[in-house]
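Quick note, the sequences are listed as chains C and Y, same order. Under our numbering, think of the first position of the first sequence as 1, with each following residue one higher. Under our numbering, think of the first position of the second sequence as 1, with each following residue one higher.
FYI, nobody ran anything at the bench for these hints, they're computed from the structure. It cannot be assumed that every hint is accurate.
Unchecked claim - Sample of chain C residues at the chain Y side, in silico, Cβ under 7 Å: (1) Glu91; (2) Phe139; (3) Val146; (4) Leu147; (5) Ala150; (6) Phe178.
For every residue, glycine included, the Cβ atom is placed at its ideal position computed from N, Cα and C.
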Amino acid sequence: MAAEPTSPAEAEGSEATTATASPVEDAAPDALDAPDASTAPESADPTTDSTDSTPPEEDAPRSHWALIGLGVLIVLVLGAITRFLEQSVPEWAADTSFGDFAAAVEYPVYAIILGLLGGLVISLTGIRDKVSDGFRTEFFIKTGLVLLGASINLSVIARAAAPAIAQALIVVPLVFFFTWWLAGRLGVDDKLRALLSSAVSICGVSAAIAAAGAVRARKEQLAYTASLVILIALPSIFLLPWLAGLLDLSAPVAGAWIGGNIDTTAAVAAAGAIVGEEALQIAAVVKSTQNVLMGLVAVALTAYFTFKVDRTPGAKRPGLGAVWTRFPKFVLGFILASVVATWYLNSAGDAGKDTIAVVNDLRTWFLILAFVSIGLEFRLTRLREAGWRPIAVFTGAAVFNLIVALIVASILFRGFVV
Amino acid sequence: MSSETPSDNASTPEKAGRTAINEDWAAVIVGLALLALVLIGVIPEGVIP
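Only chain Y is shown next, with the shape it has when bound in the complex (with noise of 0.2 Å):
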């Protein structure tokens, strides 16, 4: 649930290592992507429930 703490289904620490890191860039990725789609007006008001 860390950045650096492994999922359980990761069978090697190197696999499982790469699986939190991705994860942790994955949230940055995802975060400012979606703002960037606000801003842009690809996601306007309204559309999120």
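Only chain C is shown next, with the shape it has when bound in the complex (with noise of 0.2 Å):
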């Protein structure tokens, strides 16, 4: 559980044993005071819980409202660029030999590549920091989750729901307790410990963003998780139905496969959708399964983090008001959201299906906002000064998820007819 002691060249990496001793009191103005990554000093290794890191006064510069809206201003407009993109480019491109990468080509890929794009320019002009708390992430991500739960319906995926259970219960535990083990192994801080394997056993920056909230990890944490989410899945997206194709895979297994293992949702379905329509729904229904286990997930690190990791000695036992003040209050919204729309649909017949496609758009314009904060809060040097620990954890777990989530998935939909 406590990571290893470190050496000085460990804590190049992401490890530091205070992580086990530091009170629940000290993560949040650690992760207020948080510096810029990319001008930290070594010191301020924002895989560490290290609480050395406060910058001075004026390099946490309070935003103005307006600078405020201005950051926000600049995700609208990136997110709907993206989505003008998304709708027209496979339309200029159809009667050409790009036509079907162009179709293939999901909104993440736009939102990431003008979120990164945003942000290099935001950088040049020196206005980044001082419109960074416009771009909220969090918000944006947990609002459409929160509206994803509204296309998850029990009727939808009740004939692939048995075998796609049994996979998620099966991969994802193996998966999680790998990178835990993992990770220890390597001498990785806890709380980046467990949104590292949340995010490579569940479903990405959204299970991380679960798991930061179990366990009050430090924004830096998050955000570094985030980035290495993105960097695996971007080029996820295209390797998994490569191989797919390669291996013979049928359109069931392939996409139960693509489902359990590349991490974000969106790039699920962007992948399931290059291989076809079949994959695409089968990819769906097994990530939507992994996606309920996140709440638990989260349950179950709140209460491990509460009561085992930030327990000082002599310190008072944490109470169950602590587990409710750390549960990530969006997992509710979204199993709301999933029974609404489940009574609304049986209801309201296939008719209703028109209308959650609605709820579905809006989920895509949430996603997108996330996806485009994400690229413009995105910084190299986050993983450059995470050191090389975090990465082999992250790259060694996503081919360990590769192996068993294609084994399990061969075993359970094998045969298997859409």
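Got two chains here, separate frames each, mind docking them using the hints?
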């Protein structure tokens, strides 16, 4: 559980033994005062829980409301361009040799690329730190996840539910605990272990956000994990469909493999769409099943970190209230939306599907805004300053997930007909 | 970026905590409100680009 004692060399990575002894109260000012990774000194390693990273006050200026508004406006404009490109590029390229490729490129790709370009521009113009409070990644993605709940209908997943649940129950714990073990072997900080394990095993950035709320990780740790997720997910969108063809997998097996392997839900949809409609359907069901596990893992992590990790000697044992405080509330909205949409579809019948499609459009908008924000916030320096250990953990876990998910999907979805 | 991670511009841990919690609940409220508005027809088909 606790991080191994660190050597100076290890300190270059992500490991800080102080994490296990830090009282809960320390997490907030630490995260609050975390410096910009691109300008932070070495002692401000974004993957550690060092409390020495408090920058001078002038390095963390309060943003004026107008600047916050400007930041939100930047996100909205880039989001609108993303939506425009997502809908227009396939039409433009329809009669060209790039037609199939353009049709397969989903909105996360445009959103992240535009976000990265936007981040470069605002960095060069020197306004990044002034407007960054408008990049409300947390709010955008949580709202998108609540709306995602409305697209998860029990009647839709009924046929594939049993193998999907079985796959999730087998793959998620295996990958989670393998990542947890590997990160522990490499001396990665406990909170980052939780984020990496959740991100690889469940659903990428969303699970990392849930885990971050549960374990009170630092903002830099979440941003770093999100950066890793995006770095791995982007090539996976194209790599897995290619490998599925190479391995001659059936569409359901390929879909189950993609759904159980790629971290972000949006990237799963993108990769599934590249393989085909049947693969996309199975991938969505499998991924949705994993998304449901997100809440359970968040509760388990909340309990574990509240009662085990953050307890200091002589400190008062945290009560159940602390568990509730750490529980990511958006999971409740996610579940409630699923219940409401399932009831609505059962009542309205097929006519209700068009209505839910509007909810899905709204969800896509919020996810676009979230991905744009992630691109705007992404800084390569975070990866470099975090050291090689978390990258090794994430890469190793991704390969493990690739193999385990392939084996399990091949067994559970053999002979499955969509 | 997490439900318990304060925003950069919060000047105190207490304020940061409130901001984070408010944003967490705000996502739930906005998400469910949008779902309700769609289901009762206030946001009809074709409005969302």
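Against the structure, the hints come out as follows:
Interface restraint check for C/Glu91: the shortest CB-CB distance to chain Y comes to about 15 Å, outside 7 Å, so the restraint is violated. Annotation: interface hint on C/Phe139 holds; nearest CB of chain Y at approximately 5 Å, less than 7 Å. For C/Val146, the shortest C-beta to C-beta distance to chain Y is roughly 3 Å, which falls under 7 Å, so the interface hint holds. The criterion of a C-beta within 7 Å of any C-beta in chain Y is met by C/Leu147, whose closest approach is roughly 5 Å, and the hint holds.
Because the closest C-beta pair between C/Ala150 and chain Y is about 5 Å apart, less than 7 Å, the hint holds. Contact between C/Phe178 and chain Y, as hinted, is not supported at the beta carbon level, the nearest pair being about 24 Å apart and thus beyond 7 Å.
Consistency with the previously given hints fails for numbers 1 and 6, ordered from lowest to highest.
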